[in-house]
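Student: Here is how the chains run, residue by residue.
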Amino acid sequence: MDLGFFAQYLINGLVQGITYALVAVGFTLFFGVLDVIKFSHGDVLMLGAFTALAVFLGLDQLASPAWLSLIIMLCIGILAMGLLGALLCKFLVLPLKESPPLNTLLITLMFGSVIREAVRLFFPNGSNPKPFPALLPEASINWGNLNLRLDSVILIITGALAIVVTHLLIQKTRIGLAIRAVAQDEETARLMGIDFKKTVLVTFALGSGLAALSGISTGLYYQEINFSMGLMLGVIGFSAAVVGGLGSIYGAIVGGLLFAFLQTLGAIWFSVPAYKDVFAFAVIIILMAWRPTGLLADRSAERV
Amino acid sequence: MATNRVVGRPFCGTRVITMPDFKTKLAILLGVALSVVVLYGFLYLEREWEIGALLVMVPLGVYFLRRTNALTYYQHAAREMPRFTWISFVLGAVVLIMLLRHDDFALLMLTTVLLYATVSLGLTIQFGFVGVVNFSAVAFFGIGAYSMAALNQHFVFLPDLLIIFFSGAISALLGALLILPILRTRGHYAALITIAFGILFRTFLEVNDVLGGPQGLKVPALEMFGWNFGNSFPSEMGGGSFYVAYAIVALVLVAIVYLITRLIESSWLGLNMDSVRLDEVASAAFGINGPRWKIAAFMLGNCFAGLAGAVYAAMYGFIAPANFNLSDSLLLVSIVLLGGIGNAVAVIPAAFLIVVLPEKFQVIQEYRLLLFGIVVILILRFRPSGLMPRGLRQYFAGRFG
Chain L
1 MDLGFFAQYL INGLVQGITY ALVAVGFTLF FGVLDVIKFS HGDVLMLGAF
51 TALAVFLGLD QLASPAWLSL IIMLCIGILA MGLLGALLCK FLVLPLKESP
101 PLNTLLITLM FGSVIREAVR LFFPNGSNPK PFPALLPEAS INWGNLNLRL
151 DSVILIITGA LAIVVTHLLI QKTRIGLAIR AVAQDEETAR LMGIDFKKTV
201 LVTFALGSGL AALSGISTGL YYQEINFSMG LMLGVIGFSA AVVGGLGSIY
251 GAIVGGLLFA FLQTLGAIWF SVPAYKDVFA FAVIIILMAW RPTGLLADRS
301 AERV
Chain U
1001 MATNRVVGRP FCGTRVITMP DFKTKLAILL GVALSVVVLY GFLYLEREWE
1051 IGALLVMVPL GVYFLRRTNA LTYYQHAARE MPRFTWISFV LGAVVLIMLL
1101 RHDDFALLML TTVLLYATVS LGLTIQFGFV GVVNFSAVAF FGIGAYSMAA
1151 LNQHFVFLPD LLIIFFSGAI SALLGALLIL PILRTRGHYA ALITIAFGIL
1201 FRTFLEVNDV LGGPQGLKVP ALEMFGWNFG NSFPSEMGGG SFYVAYAIVA
1251 LVLVAIVYLI TRLIESSWLG LNMDSVRLDE VASAAFGING PRWKIAAFML
1301 GNCFAGLAGA VYAAMYGFIA PANFNLSDSL LLVSIVLLGG IGNAVAVIPA
1351 AFLIVVLPEK FQVIQEYRLL LFGIVVILIL RFRPSGLMPR GLRQYFAGRF
1401 G
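Protein sequence lines correspond, in order, to chains L and U. So the first sequence is numbered by our numbering: it starts at 1 and just counts up by one. So the second sequence is numbered by our numbering: it starts at 1001 and just counts up by one.
The list that follows gives simulated cross-link-like pairs (lysine to aspartate or glutamate, DMTMM-like), each with its CA atoms no further than 25 Å apart:
id	chain 1	residue 1	chain 2	residue 2
1	L	Lys97	U	Asp1279
2	U	Lys1218	U	Asp1328
3	L	Lys90	L	Glu187
4	L	Lys130	U	Glu1366
5	U	Lys1218	U	Glu1206
6	L	Lys97	U	Glu1280
7	L	Lys97	L	Asp195
8	L	Lys276	L	Glu224
9	L	Lys197	L	Glu186
10	L	Lys97	U	Asp1274
11	L	Lys198	L	Glu98
12	L	Lys130	L	Asp60
13	L	Lys172	L	Asp185
14	L	Lys172	L	Glu187
15	L	Lys172	L	Glu186
16	L	Lys276	L	Asp2
17	U	Lys1218	U	Asp1104
18	L	Lys276	U	Asp1209
19	L	Lys276	U	Asp1328
20	L	Lys276	U	Glu1206
21	L	Lys90	L	Asp35
Calculated from the structure, these hints are not laboratory results. Treat the numbers as computed from the prediction; the structure is a model and nothing was measured.
Excised from the complex, chain L in its bound form (with noise of 0.2 Å):
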């Protein structure tokens, strides 16, 4: 195949596989400290988007320049999105801690789906596409086959700092050391005097935040959205997370670029480009069975 045809597929590629990383991490990141699965993500994410929509919406009445446009959305929307994750745990998902894990992963789904229907219903003309500002600069350039767009740039360096800044949160704060603490021994992290409720809604919040983030590029990049796009976004993320290993960021980040690149060569392999999905999806299958705690998680023996 032709270079410029290649990388024309590696920067498509690249910039889905940040978007899923930054959904799937959010995932590891709430198995974390929780053990839990908060399958609103994705329409958390949604919401995001379309928050950020709203506020766009405002502000172009007040006719102010993208770039002051673009910062505002992306504050409100990630801040907005990381207290209703805080909410989301404090209220449905800490309550039902000691109830089955089934219980928590179909509340946080209805969750969502309330949150979904929410938007369809009650934001304006809310279950038709929505189109999203093209608020990043549109300068290209063209290189053979390779039409290398200014926006995927920017995109794929946003996704990558925010989980840059994230992995430095966890690694080197204090908040951080308080995270890693309660995701290895919740017990002994109360012992030591760690406010075990404050980590759980703090990380519930950093999460939520970045899927907010990962609804707005999604916005910018394609330039639409829909209610309905978290859903997928939220599956191919815990397939993303789960396929990397639950509880691991690095596990995240491989999960999320692994399944863009399925998605790509399903798409270049079979001549309807539809099959990716069936594609991506199979082969997530059977690198589980063949991995059954992921790709990179540690392999903890069963405690009996």
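Following the hints, position chain U against chain L.
Tutor: Quick look at chain U alone, frame taken from chain L:
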């Protein structure tokens, strides 16, 4: 000569009630009659305030029955004579179908409830007995439906009854593809595999031209025992919508599947399955082969889903990928959870609530998914064991068979 039976848990000693045979039967029949009246009301009434009044009255009635110990008495009776209870409820359902025989829409809802209950019984075996997660129930339901359509198209000579059985078998066999990954993974990892399978199945249907693509497939009406199910009943037979025949088939299906589920539960099979769910390592130490029970439950549950899917396809006459979404799988899991996980009886009222209520409140039609989500969240938050939690296993009193 009326033999007196000992009811209750004989070795717990707290309460031993003796009651004569005919009183037991009377209690069961009264229970059946009451259920038929309530369900008839649900299906027949159309105005929102009437349904609303019924919704208020039912919990009040249950509270009253509980306070007067009538409910306990009935539960003892049903536990004492499970076979009589089963037969009475099946006959009660026949009466219900006959009462509704001219009402197309009510029968359609009733049949859907019965088919969903069949799938949920399969999920009860998977989630409730062995503890194997399955978030792709609708995929197996869909495999049954598509098998029905495809076999009907290509093997016209096969009798429809056989095709229904084949559809169940195909569903179980395709499910067998997932056995290896499911046995090797646990918890959330296993959940992902079934979710991925559900999405894979739906996407595959959409992009695959052989099975009709996104437009779906037509399915001819069933033909069994010389009767074409597409015909309505002539007036000399008392008249009635063509849905009556489907309702009866669905009823037979759910009755048999329920019987199988209860037989499993009350026998050593169920005991082994429960022990695998509660602690796989400990039960392995007692020589119970965990993987074997997981495989058995997974395949049996998927077979139930396939059978129900085949009847569903024939009844609707048309199937498309859009009927088999992840959210439908979640709906089925919510039925099991709402009823009370592992309790086979509970799936029927739970299926009723989840299928019929949204159809009845047409005013809130637009908001029904929203309200449904909120209701399930409230149930999980405040009554996580479901409306009818599974009782303690009984080792001595009352058995099937």
